[in-house]
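Enquirer: Sequence:
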Amino acid sequence: MREDLSKYAKIGLAHFMLWPHCIEDDAVLADTLPQILSRTDIDVIDYCLPFDTALRRQLAQAVRDSGKDAVYVTFPLPIVQLPLGSPAHHHQGINRLALQNQIEAAVAGGSNQMVFATGPDPGPADRALWQRAFADLTQWFCRAADAHQITVNFESFDRETDRKFLYGPTHECTALIESLAPDITNLRLLLDTSHLLLMGESFDHALRAAGPLLGRVHLANCIMADPNHPLFGDRHPPFGYPDSEVDTPQLTQMLRSLLETGYLNPDNRRHLVVEIQPWPGRTIDQTIDDNLERLHNAWTDL
5 MREDLSKYAK IGLAHFMLWP HCIEDDAVLA DTLPQILSRT DIDVIDYCLP
55 FDTALRRQLA QAVRDSGKDA VYVTFPLPIV QLPLGSPAHH HQGINRLALQ
105 NQIEAAVAGG SNQMVFATGP DPGPADRALW QRAFADLTQW FCRAADAHQI
155 TVNFESFDRE TDRKFLYGPT HECTALIESL APDITNLRLL LDTSHLLLMG
205 ESFDHALRAA GPLLGRVHLA NCIMADPNHP LFGDRHPPFG YPDSEVDTPQ
255 LTQMLRSLLE TGYLNPDNRR HLVVEIQPWP GRTIDQTIDD NLERLHNAWT
305 DL
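Take any residue in the sequence shown, count from 1 to its spot, add 4: that is its number in the working numbering.
The hints are simulated quantities; they were obtained by calculation from the structure and are not laboratory data. Check the hints yourself; a few may be wrong.
Have a look at the derived ranges for each label pair, beta carbon to beta carbon [said to hold, decoys possible]:
#1 Asn269 with His95: 34 to 44 Å
#2 Met5 with Gly97: 46 to 56 Å
#3 Gly97 with Gln257: 18 to 28 Å
#4 Glu182 with Ser206: 16 to 26 Å
Even for Gly, the Cβ is constructed at its ideal location relative to N, Cα and C.
Let the hints inform the model, and build the full structure from the sequences given.
Expert: Take a look at the structure:
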């Protein structure tokens with residue numbers, strides 16, 4: 005393509021994936037979030053905020069002042085230890101308190117979009133029960149977010165390979181969203197290319213299956229061939245990492261599907277977020293520069 009990709013989409017980065025320790029260490033979060041916000045080559049930031057009240061207020065103001073499209077991700081919630089699909093009454097109560105806290109964080113950062121996921125799958129015997137509980141929680145969450153004009157993006161994960169979350173296949177995710185309509189109108193699906201690869205679902209198929217319910221896209225990479233590899237599964241290595249699945253040729257195919265389905269549109273620029281961990285032995289800036297260059301080269305190759 006001759007025109008720049010930025011004319012068809014708003015390019016973004018996921019802060020917490022570049023600095024994963026920011027969830028465990030507020031000092032890392034405080035030091036690195038302003039760094040990513042200062043970049044002039046992105047329009048979108050996927051971010052989270054700490055639970056500490058004073059630090060949250062400080063960083064939320066930095067997010068607001070950046071002028072970027074800021075999407076709040078509920079990454080701080082321990083959904084592996086406390087799954088959002090758990091039907092236990094006290095778990096549901098705690099999850100509502102936690103999600104309300106995250107809505108408040110999103111509001112503080114000036115976000116009109118959020119991202120969340122389910123947590124682990126209990127297995128086939130209890131899956132239907134957990135999915136009903138998750139649907140109830142999602143309905144409550146969307147209503148609470150809608151009070152602040154926030155759209156909620158539900159992110160699918162693999163159910164069999166690595167994360168083993170409650171919701172995986174795109175058709176199940178869209179069925180959940182459709183089941184909550186017409187009462188819930190602010191729920192959309194987020195497709196992550198790493199998760200789709202781990203599910204064995206093609207990106208093109210998932211895009212077309214999601215249709216108008218698609219809210220956002222994460223461009224990500226994974227390692228699948230070697231289960232003993234330290235970055236096997238949903239670890240988001242950078243594009244072009246040895247033995248990984250996604251480099252410039254695969255990005256070109258993904259961009260082609262996004263263009264053909266209308267997601268990439270100069271009249272309606274939507275979010276296209278790169279979600280990667282840093283290259284070992286390279287700085288964060290070197291990693292970002294390298295992977296954004298691969299993305300733009302992939303677009304040029306269309």
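Enquirer: Each hint needs a verdict: does it hold in this structure or not?
Expert: We went through each hint and held it up to the structure:
For the pair Asn269 and His95, the supplied restraint of 34 to 44 Å holds, since their beta-carbon distance comes to about 41 Å. At about 50 Å, the beta-carbon gap between Met5 and Gly97 stays in the expected band of 46 to 56 Å. In this structure the supplied range 18 to 28 Å is violated for Gly97 paired with Gln257, their Cβ-Cβ distance being about 45 Å. Checked against the hint of 16 to 26 Å, the C-beta distance between Glu182 and Ser206 comes to roughly 22 Å, which is consistent with it.
The structure shown violates just one earlier hint, number 3.
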